[in-house]
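Participant: Take the sequences, apply the hints, and build the full model.
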Amino acid sequence: NVLPRPEIFKHIDVAFSFGGDGTIIHLARQIFSYNIPVCGINLGELGFLNQIEVHQLQSHIKRIAQGDYTIEKRGHLHAYIDREDGIREDLVPIINEVVITRSEPAKMARINLAVNGQHTQMYPSDGLIISSATGSTGYNLSAGGPIMKPDNRSIIITPVAPHLIQGISMVLEEHDTIQITMPDREPQLHICIDGTFDYSFTNKEALHISSNPVYCLFVRFKDQCFFGTLFKKLASRRDELL
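Counting along the sequence shown from 1, when you hit position 208 you're at 448 in this note's numbering, and nothing is skipped either side.
Heads up, a few of these hints could be off.
Claimed, not checked - The calculated BS3-like cross-link candidates involving lysine-lysine, where the alpha carbons are at most 30 Å apart (straight line), are: (1) Lys462 - Lys473; (2) Lys302 - Lys473; (3) Lys473 - Lys313; (4) Lys313 - Lys472; (5) Lys462 - Lys389; (6) Lys313 - Lys302; (7) Lys347 - Lys250; (8) Lys302 - Lys462; (9) Lys444 - Lys347; (10) Lys389 - Lys302; (11) Lys389 - Lys313; (12) Lys389 - Lys473; (13) Lys250 - Lys302; (14) Lys444 - Lys302; (15) Lys313 - Lys462; (16) Lys462 - Lys250; (17) Lys472 - Lys389; (18) Lys462 - Lys472.
What the hints assert, rightly or not - Between beta-carbon pairs, the in silico distance windows are: (19) Leu243 - Lys472: 46 to 52 Å; (20) Gly262 - Tyr320: 22 to 28 Å; (21) Gly307 - Ile387: 29 to 35 Å; (22) Glu247 - Phe471: 38 to 44 Å; (23) Val254 - Asn356: 35 to 41 Å.
It is worth saying that the hints were derived from the structure and are not from the lab. Note that the coordinates shown come from a computational prediction; the quantities given were computed from them, not determined experimentally. Just so it is clear, CB atoms sit at the ideal spot from N, CA and C, and this is done for glycine as well.
Facilitator: See the structure below:
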């Protein structure tokens with residue numbers, strides 16, 4: 241007999257992900273609404289989100305079986321598009337980030353940003369990254385954005401190659417809401433969520449982004465230091481490339 245997914249999830253205490261950050265993001269998106277913590281075993285390159293390296297597998301599985309771990313609550317984002325025909329289209333949950341760019345390659349985008357209903361900035365840039373704290377170590381970091389602690393509920397806005405000197409990152413509070421539109425001369429913008437899911441919207445439509453009230457749960461070990469592990473992995477990757 242094949243059990244439906246909700247029935248299977250009732251019997252899971254910890255879900256394990258074997259792979260890189262993309263694998264653990266995919267798993268977290270599937271199970272966050274069931275309040276199941278995720279534990280990542282790193283088989284990728286950097287694996288910022290993974291808690292266990294392959295050589296630690298046996299010892300850390302034993303620690304989990306003994307209850308020697310904590311649960312880290314991480315925020316993520318929710319987005320929807322107000323379509324021209326009046327339909328609201330909910331997008332997939334955003335674990336890392338949503339990236340808004342021009343649909344045509346190598347073209348500058350003009351992106352209007354409103355926060356809590358108030359127009360804030362028009363970004364002439366290659367794009368705009370809106371990320372959770374979890375996503376702060378991804379594309380946001382590469383674009384010069386700040387690193388946030390994983391349990392921080394802030395929303396980070398970072399322009400990609402802005403054409404204005406004031407194009408710096410903004411950090412919003414978890415209750416803030418974001419609306420993205422475009423000038424009439426901008427025909428369409430492209431949306432990519434977590435590097436996997438693609439959408440588009442026109443100058444007659446609007447993209448809305450806010451914090452999701454439900455947390456993603458991740459396994460953490462008390463002897464792990466987020467920033468220490470992060471910079472160690474970054475240094476290791478830098479040495480590999482040099």
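Participant: Take the hints in turn and mark each one as holding or not.
Facilitator: Outcome of the hint check:
1. Under the criterion of a C-alpha separation no larger than 30 Å, the hint pairing lysine 462 with lysine 473 is consistent with the structure, at around 19 Å.
2. For the hint pairing lysine 302 with lysine 473, the CA-to-CA distance comes to about 24 Å; that is within 30 Å, so the pair holds.
3. A threshold of 30 Å between alpha carbons decides the hint, and for lysine 473 with lysine 313 the separation of about 22 Å falls inside it, so the pair holds.
4. For the hint pairing lysine 313 with lysine 472, the CA-to-CA distance comes to about 23 Å; that is within 30 Å, so the pair holds.
5. Using a Cα cut-off of 30 Å, the hinted pair lysine 462 and lysine 389 holds, with the two alpha carbons roughly 15 Å apart.
6. Distance restraint check for lysine 313 and lysine 302: the Cα-Cα separation of roughly 22 Å lies within the 30 Å cut-off, and the hinted pair is therefore satisfied.
7. Pair hint lysine 347 plus lysine 250 does not hold up; C-alpha atoms about 48 Å apart against a cutoff of 30 Å.
8. Taking the CA atoms of lysine 302 and lysine 462, the gap is about 15 Å. The hint holds against a cut of 30 Å.
9. For the hint linking lysine 444 to lysine 347, the alpha-carbon distance of about 20 Å falls within 30 Å, and the restraint holds.
10. Pair hint lysine 389 plus lysine 302 holds up; C-alpha atoms about 27 Å apart against a cutoff of 30 Å.
11. Restraint check for lysine 389 and lysine 313: the C-alpha separation of about 11 Å stays at or below 30 Å, so the hint holds.
12. Only pairs whose Cα atoms come within 30 Å are accepted, and lysine 389 paired with lysine 473 is accepted, the gap being roughly 16 Å.
13. Restraint check: the Cα-Cα separation between lysine 250 and lysine 302 comes to about 22 Å, which is no more than 30 Å; the hinted pair holds.
14. Between lysine 444 and lysine 302 the alpha-carbon distance is near 55 Å, which puts this suggested pair outside the 30 Å criterion.
15. Simply put, lysine 313 and lysine 462 have alpha-carbon atoms about 14 Å apart, close enough for the 30 Å limit, and the pair holds.
16. Between lysine 462 and lysine 250, the direct Cα distance comes to roughly 26 Å. Compliance with the 30 Å bound is thereby established for this hinted pair.
17. Using a Cα cut-off of 30 Å, the hinted pair lysine 472 and lysine 389 holds, with the two alpha carbons roughly 16 Å apart.
18. The suggested pairing of lysine 462 with lysine 472 holds, with an alpha-carbon distance near 17 Å, which does not exceed 30 Å.
19. Our hint of 46 to 52 Å for leucine 243 and lysine 472 is violated, since their Cβ atoms are close to 41 Å apart.
20. A hinted range of 22 to 28 Å for the beta carbons of glycine 262 and tyrosine 320 is consistent with their spacing of about 24 Å.
21. Take glycine 307 and isoleucine 387: their Cβ atoms lie about 30 Å apart, and the range 29 to 35 Å holds.
22. As the Cβ distance of glutamate 247 to phenylalanine 471 is approximately 42 Å, the hint placing it in 38 to 44 Å holds.
23. Taking 35 to 41 Å as the suggested C-beta distance range, the pair valine 254 and asparagine 356 conforms, at roughly 38 Å.
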